[in-house]
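Here is what each chain is made of, one letter per residue.
Protein chains: 4
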Amino acid sequence: MPELQAVVDEIAEEMRATPLRGEVATYIPELARVDPRYFAIAIVDARGEIFTGGDADVPFSIQSISKVFTLMLALGKIGDRLWQRVGREPSGSRFNSIVQLEAERGIPRNPFINAGAIAVTDAILAGHQPRETLGEILRFMQFLAADDGVYIDHKVAASEQRTGFRNAALANYMRSFGVIDNPVEYTLGVYYHHCAIAMSCRQLAMAGRVLAHFDSEPSTIRPVLTAERARRINALMLTCGHYDGSGEFAYRVGLTGKSGVGGGILAIAPGKASIAVWSPGLDVSGNSRLGQLALERLSKRMEWSIFGA
Amino acid sequence: MPELQAVVDEIAEEMRATPLRGEVATYIPELARVDPRYFAIAIVDARGEIFTGGDADVPFSIQSISKVFTLMLALGKIGDRLWQRVGREPSGSRFNSIVQLEAERGIPRNPFINAGAIAVTDAILAGHQPRETLGEILRFMQFLAADDGVYIDHKVAASEQRTGFRNAALANYMRSFGVIDNPVEYTLGVYYHHCAIAMSCRQLAMAGRVLAHFDSEPSTIRPVLTAERARRINALMLTCGHYDGSGEFAYRVGLTGKSGVGGGILAIAPGKASIAVWSPGLDVSGNSRLGQLALERLSKRMEWSIFGA
Amino acid sequence: MPELQAVVDEIAEEMRATPLRGEVATYIPELARVDPRYFAIAIVDARGEIFTGGDADVPFSIQSISKVFTLMLALGKIGDRLWQRVGREPSGSRFNSIVQLEAERGIPRNPFINAGAIAVTDAILAGHQPRETLGEILRFMQFLAADDGVYIDHKVAASEQRTGFRNAALANYMRSFGVIDNPVEYTLGVYYHHCAIAMSCRQLAMAGRVLAHFDSEPSTIRPVLTAERARRINALMLTCGHYDGSGEFAYRVGLTGKSGVGGGILAIAPGKASIAVWSPGLDVSGNSRLGQLALERLSKRMEWSIFGA
Amino acid sequence: MPELQAVVDEIAEEMRATPLRGEVATYIPELARVDPRYFAIAIVDARGEIFTGGDADVPFSIQSISKVFTLMLALGKIGDRLWQRVGREPSGSRFNSIVQLEAERGIPRNPFINAGAIAVTDAILAGHQPRETLGEILRFMQFLAADDGVYIDHKVAASEQRTGFRNAALANYMRSFGVIDNPVEYTLGVYYHHCAIAMSCRQLAMAGRVLAHFDSEPSTIRPVLTAERARRINALMLTCGHYDGSGEFAYRVGLTGKSGVGGGILAIAPGKASIAVWSPGLDVSGNSRLGQLALERLSKRMEWSIFGA
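Protein chains in written order, with this note's numbering: chain E, 1 to 309; chain L, 1 to 309; chain S, 1 to 309; chain W, 1 to 309.
Quick caveat, the hints were computed from the structure, so don't treat them as lab data.
One or more hints might be untrue.
What the hints assert, rightly or not - Keeping only pairs whose Cα atoms sit at most 20 Å apart, straight-line, the calculated SDA-like set for lysine to any residue is:
#1 K272(L) / M302(E)
#2 K300(S) / T226(W)
#3 K300(L) / D80(E)
#4 K272(S) / K272(W)
#5 K272(W) / A309(S)
#6 K300(S) / D215(W)
#7 K272(W) / I221(W)
#8 K300(E) / G271(L)
#9 K300(S) / G271(W)
#10 K300(L) / E228(E)
#11 K155(L) / G135(L)
#12 K272(L) / A309(E)
#13 K272(W) / E303(S)
#14 K272(W) / M302(S)
#15 K77(W) / D181(W)
#16 K155(S) / R33(S)
#17 K155(W) / L138(W)
#18 K77(E) / I221(E)
#19 K272(E) / G271(L)
#20 K300(W) / A227(S)
#21 K300(E) / E228(L)
#22 K300(L) / T226(E)
#23 K272(L) / G271(E)
#24 K300(E) / E248(E)
#25 K300(E) / R229(L)
#26 K272(W) / G271(S)
#27 K300(E) / D215(L)
#28 K300(S) / E228(W)
#29 K272(E) / M302(L)
#30 K272(S) / A6(S)
#31 K272(L) / E49(L)
#32 K272(S) / K300(S)
#33 K155(W) / A25(W)
#34 K272(S) / E303(W)
#35 K300(E) / L225(L)
Let's have the full structure, built from the sequences with the hints guiding it.
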């Protein structure tokens with residue numbers, strides 16, 4: 001197996017030279033303005049060492065990647081009761097589809113489509129003040145990243161909120177079935193703000209360690225997640241982490257992962273590596289084009305696929 | 001880690017004592033008649049050694065498990081052109097749903113739902129005589145199982161064919177979009193017969209070695225499947241192998257697998273084990289209830305989950 | 001043909017004796033509390049004479065029947081431009097379904113399903129203050145009914161608003177496609193209030209004259225609606241006026257009509273009669289059970305079916 | 001009111017001069033070859049007099065218009081038991097959609113979408129030989145048209161059968177739910193042949209008299225259909241007769257009607273006229289463009305709308 005830093009450098013170089021980058025998300029100006037030429041990669045390996053390439057210290061909007069961490073928090077708070085209001089199956093449709101909600105009486109298919117993530121956020125909120133809950137989420141991210149520099153981009157959150165009629169439809173719809181308990185505007189407020197968390201690839205790869213569940217894991221983060229829960233979240237990331245491109249990601253990359261519309265992907269090679277990549281251009285399924293390509297090559301060269309050497 | 005045969009014995013014993021076994025499939029008399037008290041397990045490990053428990057030498061109808069092997073054959077014949085007519089995403093709906101076909105112009109979501117498997121069979125048929133193609137599939141199974149005793153249960157095939165109006169609907173529908181080329185009755189004839197292949201858990205675990213891709217793999221079967229193709233089929237089994245219970249299987253078991261309505265499951269721990277289990281009672285998603293439970297315990301006790309130790 | 005008052009008396013008597021009355025709507029307490037024993041009928045004939053039976057002067061919540069009148073107002077204001085945001089086809093699904101909205105990019109199928117009626121209300125609102133618009137709608141109803149006693153039941157409106165998450169979902173969803181222009185809470189506020197208009201059958205039958213388009217029509221109401229527009233609204237009532245029971249109403253009754261979940265139905269025999277019936281018990285499609293039965297008998301006995309004598 | 005022949009001449013002249021004619025159906029060569037310049041109209045009025053314009057004696061493929069007559073036959077044979085296997089509601093989707101069938105357990109929404117008409121044909125077949133049943137349908141049409149020249153175009157039927165995979169999918173799907181009883185190929189054989197009946201507008205308008213239910217109706221055809229059944233079939237034609245353009249036809253034309261993909265429309269002004277129009281060019285919903293336009297003008301000029309003068 002080749003040396004990791006060499007592979008990272010190689011991939012960063014290859015990505016720099018790749019012209020076909022996909023389309024940057026345009027539904028809010030803050031995302032539309034991001035330069036499509038960015039590419040970043042950061043890896044924490046099993047010994048806790050970190051390897052980086054490209055713009056690994058530039059913060060970007062993690063968007064849906066935050067849903068992995070709110071899921072951890074919600075499971076920590078209410079445990080398996082969470083699954084009474086959110087399913088664990090791939091959705092077979094677009095991330096913001098409302099059709100499945102109607103067929104399944106307001107229960108979203110999984111915690112990573114928008115409806116599911118809103119329901120998870122509602123479970124964390126649980127009657128508290130939005131500001132309080134949001135503070136808790138942010139401190140959790142800073143703790144996992146071991147970096148107080150993680151912050152919320154309030155302009156992004158405000159933009160999302162201003163244009164988020166589709167999410168308001170999803171939330172109201174679930175509320176009509178009692179799947180959401182808190183006032184819709186509270187739940188959506190927290191949701192938009194945790195999606196607007198800004199992190200660098202370095203910070204994100206650090207935060208992902210808890211899912212990779214290294215033997216060398218620091219004693220501070222080990223209590224956050226049992227081994228079983230880490231495995232289960234990894235399973236959900238594999239089957240549902242890339243919207244309607246999840247099957248494709250499993251097929252091509254063979255790592256568990258969660259993407260965000262800001263162009264980031266957090267990928268996990270359980271026991272081996274926590275990986276963050278970022279490139280703003282997206283494919284038709286809304287996943288970072290270069291991010292996926294970089295992970296495909298990394299997984300192959302390092303023989304990290306969970307589906308066999 | 002405990003000794004494998006001890007774990008196998010333990011699980012076989014526990015399953016024997018489990019009263020809640022689900023419902024045996026009843027849509028054809030040949031399946032309805034099978035005794036729900038059967039339980040079998042067989043495992044081939046990385047060194048090629050075989051471990052069995054329960055009724056491991058009793059043949060059962062492998063049904064949809066055959067779809068993993070026809071997929072190998074089709075990829076062997078026409079390579080990645082296959083993906084022009086079959087997708088690689090989980091379906092988010094029942095195994096025999098026709099709704100998605102309408103929304104996606106006759107292209108089935110993946111090769112493991114009925115429509116997808118029929119399209120794969122059609123690709124193997126490719127203008128040949130049904131009898132010829134069927135012979136080829138059977139010989140392939142006998143070769144992989146290293147056992148000429150693998151056979152087709154013609155009574156099962158005839159029953160399926162007599163009542164298979166839903167599959168005829170799927171096939172005609174795909175034919176209307178040009179996704180199927182051969183006469184519908186030819187394609188369905190081959191399809192029903194390969195689903196009617198009867199194997200024991202011992203034979204099935206042997207046949208699964210090619211997907212586990214052991215270092216010790218015999219030189220005869222190695223050329224059947226490249227490492228990359230094995231990984232990719234494993235990925236498809238993980239995301240789509242248990243109908244609308246695929247997410248749940250990944251979440252609970254953490255192995256790749258493909259189930260059949262006869263109560264069998266072929267599961268793979270890549271590089272570590274090829275596992276076959278069988279118990280005829282099914283859950284609401286159509287997957288063997290005890291089979292899944294046995295695999296969940298096996299995966300946990302042997303620490304074989306692909307999602308982390 | 002029999003004498004009309006005799007038929008009215010006969011039907012009122014028969015309905016009184018009918019035990020099977022369906023279920024009163026229960027989703028808000030104000031509707032759930034209504035006594036299921038009420039039955040009322042009122043008819044204005046071509047000469048302008050009025051015939052009544054049962055509780056014809058008891059006001060009830062007209063609910064969706066108001067949508068016929070807001071449609072008139074919207075067409076009066078913006079004419080056929082309205083059809084850029086609302087379709088004219090039956091929906092083939094429940095009144096509050098959101099599935100079709102997703103398939104057809106936020107354009108509701110017709111002005112009588114909830115989504116369509118919300119879009120029509122939004123077109124009337126058109127930047128004005130909700131209070132103003134609501135006043136206009138109420139005065140329009142009072143004018144058509146020739147009775148200042150028509151009023152808005154604010155407790156009903158408040159109840160609807162408090163529990164109307166499903167409608168909020170529809171409205172936000174349409175807003176995400178630009179089908180709705182005004183702030184969602186303004187549009188919904190007006191919508192809930194016009195649905196909460198309370199009228200007696202006598203008042204409602206009077207208000208329906210404008211659709212029956214009698215030769216004897218008073219010169220005051222004639223300018224409200226051209227003959228062509230009246231015909232067209234009648235056509236929409238026929239194809240879409242009873243949610244997913246519209247085909248059944250046409251088949252059994254043969255009049256154009258619009259029902260409301262309060263148990264009222266406004267039915268029109270063009271050129272012959274404007275008819276209001278009310279009985280709070282509903283069938284599975286949400287239409288008044290006795291109301292439909294009474295209209296079926298009336299239409300048959302008076303030979304008023306638009307589909308032939 | 002103007003004189004009818006003058007209006008017919010006027011409309012025939014206007015249609016001749018209309019350049020925008022829509023697209024001729026192309027899915028089988030026999031339909032694709034028809035000259036788009038044809039236009040025909042024939043009307044039988046309440047006294048039984050016939051008025052014609054354009055190519056009123058040229059036979060064309062009546063296609064789905066035949067479904068009105070097979071519905072009469074099926075109701076004559078098994079009465080209201082027919083409605084156990086076919087609904088009476090508009091479908092809200094395309095004529096050959098299979099989605100609704102899945103949602104509603106194989107029961108087609110109405111007798112005029114393809115699935116529904118296949119189920120109706122199956123009810124007529126009822127264990128008889130296809131040839132026999134087809135003979136019965138043809139003789140029925142000849143009797144109603146009072147013309148032995150009505151015939152079946154076997155080349156059209158053969159073409160439909162050769163390419164009718166979508167209908168085979170619908171039929172097999174319904175068979176899987178027990179909605180169809182006869183061998184699928186028998187039912188489809190009869191279906192394709194009755195859709196391939198060829199008639200002129202003159203013959204079709206004559207055949208439609210039974211639905212118009214004139215006071216002057218000849219004593220020979222009166223027993224075919226009770227007044228109530230005629231009204232009910234008219235209601236179904238109004239709500240479901242033009243596929244997903246039924247609402248539009250009601251809105252614009254205000255007559256009951258059934259269209260066919262061959263470009264014909266049979267329209268009924270109950271008690272006043274039976275009208276056949278034909279022009280091969282279709283709109284996006286599959287209905288004759290000029291046919292609809294001609295009927296809209298006719299209905300307006302003769303004041304025949306069922307929705308008011």
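Each hint, compared with the structure:
1. Distance restraint check for K272(L) and M302(E): the Cα-Cα separation of roughly 19 Å lies within the 20 Å cut-off, and the hinted pair is therefore satisfied.
2. Using a Cα cut-off of 20 Å, the hinted pair K300(S) and T226(W) holds, with the two alpha carbons roughly 14 Å apart.
3. With a C-alpha separation of about 19 Å, the suggested pairing of K300(L) with D80(E) holds against the 20 Å cut-off.
4. Taking the CA atoms of K272(S) and K272(W), the gap is near 17 Å; set against the 20 Å cutoff, the hint holds.
5. A distance of roughly 11 Å separates the Cα atoms of K272(W) and A309(S); the hinted pair therefore holds under the 20 Å criterion.
6. For the proposed pair K300(S) and D215(W), the alpha carbon gap of about 17 Å is at most 20 Å, so the pair holds.
7. Annotation: proposed proximity of K272(W) to I221(W) holds, straight-line Cα distance about 17 Å (limit 20 Å).
8. Distance check on the hinted pair: K300(E) and G271(L) sit about 16 Å apart at the alpha-carbon level, within 20 Å; holds.
9. Proximity of K300(S) to G271(W) is assessed by CA-CA distance (about 16 Å); at most 20 Å being required, the pair is judged to hold.
10. With a C-alpha separation of about 9 Å, the suggested pairing of K300(L) with E228(E) holds against the 20 Å cut-off.
11. Note on K155(L) and G135(L): the hinted pairing holds, with a Cα-Cα distance of about 17 Å set against a maximum of 20 Å.
12. Taken as a hint, the K272(L) and A309(E) pair is honoured in the structure, with Cα atoms around 11 Å apart against an allowance of 20 Å.
13. For the hint linking K272(W) to E303(S), the alpha-carbon distance of about 15 Å falls within 20 Å, and the restraint holds.
14. Restraint check for K272(W) and M302(S): satisfied, since their Cα atoms lie roughly 19 Å apart, inside the 20 Å limit.
15. The hinted pair formed by K77(W) and D181(W) meets the criterion: a straight-line CA distance of about 16 Å does not exceed 20 Å.
16. Note on K155(S) and R33(S): the hinted pairing holds, with a Cα-Cα distance of about 13 Å set against a maximum of 20 Å.
17. The hinted pair formed by K155(W) and L138(W) meets the criterion: a straight-line CA distance of about 16 Å does not exceed 20 Å.
18. Distance restraint check for K77(E) and I221(E): the Cα-Cα separation of roughly 17 Å lies within the 20 Å cut-off, and the hinted pair is therefore satisfied.
19. The suggested pairing of K272(E) with G271(L) holds, with an alpha-carbon distance near 16 Å, which does not exceed 20 Å.
20. A C-alpha spacing of about 11 Å is found between K300(W) and A227(S), which places the hinted pair at or below 20 Å, so the restraint holds.
21. A hinted pair counts as satisfied when its Cα atoms are at most 20 Å apart, and K300(E) with E228(L) qualifies at roughly 9 Å.
22. Simply put, K300(L) and T226(E) have alpha-carbon atoms about 14 Å apart, close enough for the 20 Å limit, and the pair holds.
23. Restraint check for K272(L) and G271(E): the C-alpha separation of about 16 Å stays at or below 20 Å, so the hint holds.
24. Our distance criterion of 20 Å between C-alpha atoms is met by K300(E) and E248(E), whose separation comes to about 15 Å.
25. Restraint check: the Cα-Cα separation between K300(E) and R229(L) comes to about 13 Å, which is no more than 20 Å; the hinted pair holds.
26. For the proposed pair K272(W) and G271(S), the alpha carbon gap of about 16 Å is at most 20 Å, so the pair holds.
27. Proximity of K300(E) to D215(L) is assessed by CA-CA distance (about 17 Å); at most 20 Å being required, the pair is judged to hold.
28. With a C-alpha separation of about 9 Å, the suggested pairing of K300(S) with E228(W) holds against the 20 Å cut-off.
29. Of the supplied pair hints, the one linking K272(E) and M302(L) holds, its CA atoms being roughly 19 Å apart against a limit of 20 Å.
30. Of the supplied pair hints, the one linking K272(S) and A6(S) holds, its CA atoms being roughly 17 Å apart against a limit of 20 Å.
31. Between K272(L) and E49(L), the direct Cα distance comes to roughly 11 Å. Compliance with the 20 Å bound is thereby established for this hinted pair.
32. Annotation: proposed proximity of K272(S) to K300(S) holds, straight-line Cα distance about 14 Å (limit 20 Å).
33. Between K155(W) and A25(W) the CA atoms are separated by roughly 16 Å; this keeps the pair inside 20 Å, and the hint holds.
34. Between the alpha carbons of K272(S) and E303(W) the distance comes to roughly 15 Å, so the proposed pair stays at or under 20 Å and holds.
35. With a C-alpha separation of about 17 Å, the suggested pairing of K300(E) with L225(L) holds against the 20 Å cut-off.
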